[in-house]
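A.B. asks: Let the sequences and hints guide you as you build the complete structure.
Chains as they are written, first to last, in our numbering: chain A, 166 to 561; chain B, 361 to 584.
Hints should not be assumed to be uniformly reliable.
The calculated lysine to any residue pairs, modelled on SDA-like cross-linking and capped at a C-alpha distance of 25 Å, are [what the hints assert, rightly or not]:
| id | chain 1 | residue 1 | chain 2 | residue 2 |
| --- | --- | --- | --- | --- |
| 1 | A | Lys341 | A | Asp359 |
| 2 | B | Lys478 | A | Arg180 |
| 3 | B | Lys478 | A | Leu483 |
| 4 | B | Lys478 | A | Asp359 |
Just so you know, the hints here were simulated from the structure itself, not pulled from any lab data.
Spelled out, the chains give:
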Amino acid sequence: MSLVDLVRLAFSRLRTGRLRAALTMLGVIIGVASVVALVGVGQGTTSNITERLSSLGTNLLTISAAGAAGGAESTLTLGDAEALAGLDGIAGVAPESQAQAVVAADGETTTTSIIGTTEDYAAVRAFDVWQGTFLTDVAVERNLRVAVLGATTADDLGLDESSLGTEITIGGLPFKLIGILQPKGGATFADPDDQVMVPIGVVHKYLTGGDGVRTIGVSVAEQDQMTAVQSGITTLLRARHDLAAADDDDFSIFDQAQLLETASSISGTLTLLLGGIASISLVVGGIGIMNIMLVSVRERTREIGIRKAVGARGRDILLQFLIEALTLSGLGGILGVAVGLGVSALIARIGGISFAFSPTTLAVALLFSLAVGIVFGVWPARQAARLDPITALRYE
Amino acid sequence: MDTPIISLRGIGRTYDMGTVAVEALRSVDLDVAPGEFVAIIGPSGSGKSTLMHIIGCLDRPTAGTYRLAGAPVEDLDDDGLARVRSRTIGFVFQSYNLLPRTSALDNVVAPLLYQGVKRSDRVRRARAALERLGLADRMGHEPSELSGGQQQRVAVARALVSDPALILADEPTGNLDQASGHDVLEVFRELNRSGRTIVLITHDQEVAEAATRQVHIRDGRLVA
Ligand SMILES: Nc1ncnc2c1ncn2[C@@H]1O[C@H](COP(=O)(O)OP(=O)(O)O)[C@@H](O)[C@H]1O
Ligand SMILES: [Mg+2]
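C.D. replies: Rendered as structure tokens:
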């Protein structure tokens, strides 16, 4: 019997027992759908984190003042930042002071973060300039009232390249717009594109009213120097802050990349785990198929006898039942993939999580469901093939 | 006489029931020439079905030798027996034994599936067989939608479709009313007239009259 005939036979069989076929497939459908959905969402989250990782800035260390959120009472100073720049292995230092303020241009207003910083900021935080220039050393040194807008902020205010050189107001004060940044995207946490950058002295003078520095971003020249530079910074800052040996640090150093790497590996592990759990439900679906196939072999004992009497070999019967099991599991797999993609899309929409459509996952899920069909179909099929024709014909 | 199509020598079939052994057949010798229409007559339990199963290669004897069209059957494995059934033998059973929930046409197609006949040829041949048995307008019907006589005629069409040398019928009229039984026997007679070898099994002397030769069986032995 050719494969086409066997598949045709299997389908006509499934047609005569639609409800049973559907219920039998349900186990596989649920199994495959959960593998596709969970792995899809898991991989989406992982790739989100990875994306975010590369947009953070290379080899970035963030030094934060302990306790205070910034402003006058911060323990970090501009002097600290200047001193850090002298350390070995450091590529750039960008002190940051932050305030919230209303930004207005041409009748449009928005409230956003104003970051007071220096010319190193763009390099340290891995921002690219889209139009105009970033803050220059001259502007920072002379505390010029110039501003660079993040992509989202520029968009909110309806500003584009034609607006360069025009005046915007921040907290009511006029600033000259000198640049607009490229968007980074990846809005998992705060939108990195919704901010305005001005010289740090300007923020101190007009917005925070002190010379405290909230954070200092440090970009390390070489990846393998991260730890060494970190302890160099600790030693330097402890000395500058006159801390006794018993005192705790009054600042903290944060390696965001490392954190995200950990998060990404955790999320990867989680994805595997979820996929594994989902696969178990697929196996349960396979057992459902085996159960139904065994029942079917009993119910159709007479049919098997008849087929043998008209010339079927054991192999023909084996293949007939095996192909039936495979058709169930394969159809279940295809439907499961469809349901899984639907569910992932729904989760992605409702939960705001991105999900990765991975052809590999789909192929693996499909192959796995076929494998389930073979593994759980072969035993009932062998039972059927081994039946003695006379016993089968006499079976009531 | 030509080489017999069926040649049984000293055939025995013992069912081992654990403590007792049931001897369903004892030392049966039988030759059937090509083109014969033989009736095997005997009361219930005399071993008729057992004999037919052995002739039909559905079962193996526990003693004796069986040559089918000159070739010994003992040496064949299960696949070999299946091949013989597929090519050489057509069965008609008392209880029709049609595939349930399967159209008459697909039932008749079944033997051809296992011979590897092309799809278009299968359908053409199955239609021809059904037409020959006067079932042209019933091809799409499932067994449950057919009368007993019609079901048995579908079964005969199925036995014919692969053009086997030998047709074996076990009480083919047993479940039929007299008129349908007559029709089926008439079909056998006509098949025999066109040269086919037929072995008909029955407990009914009247049915056996349809055949050209009658063989009696009692307690597993052929009697004169
Ligand atoms: N599978 C079997 N196991 C045990 N005994 C059997 C089996 N098949 C048939 N027999 C016995 O063999 C004898 C002949 O049976 P069977 O060939 O069916 O007779 P018939 O068809 O003439 O009525 C009976 O006594 C029956 O009980
Ligand atoms: Mg009988």
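A.B. asks: Run every hint past the structure and note whether it holds.
C.D. replies: Evaluated hints:
For the hint linking A:Lys341 to A:Asp359, the alpha-carbon distance of about 18 Å falls within 25 Å, and the restraint holds. Of the pairs offered as hints, the one joining B:Lys478 and A:Arg180 holds, with about 24 Å between alpha carbons and a cut-off of 25 Å not exceeded. Proximity of B:Lys478 to A:Leu483 is assessed by CA-CA distance (about 21 Å); at most 25 Å being required, the pair is judged to hold. For the proposed pair B:Lys478 and A:Asp359, the alpha carbon gap of about 71 Å is over 25 Å, so the pair is violated.
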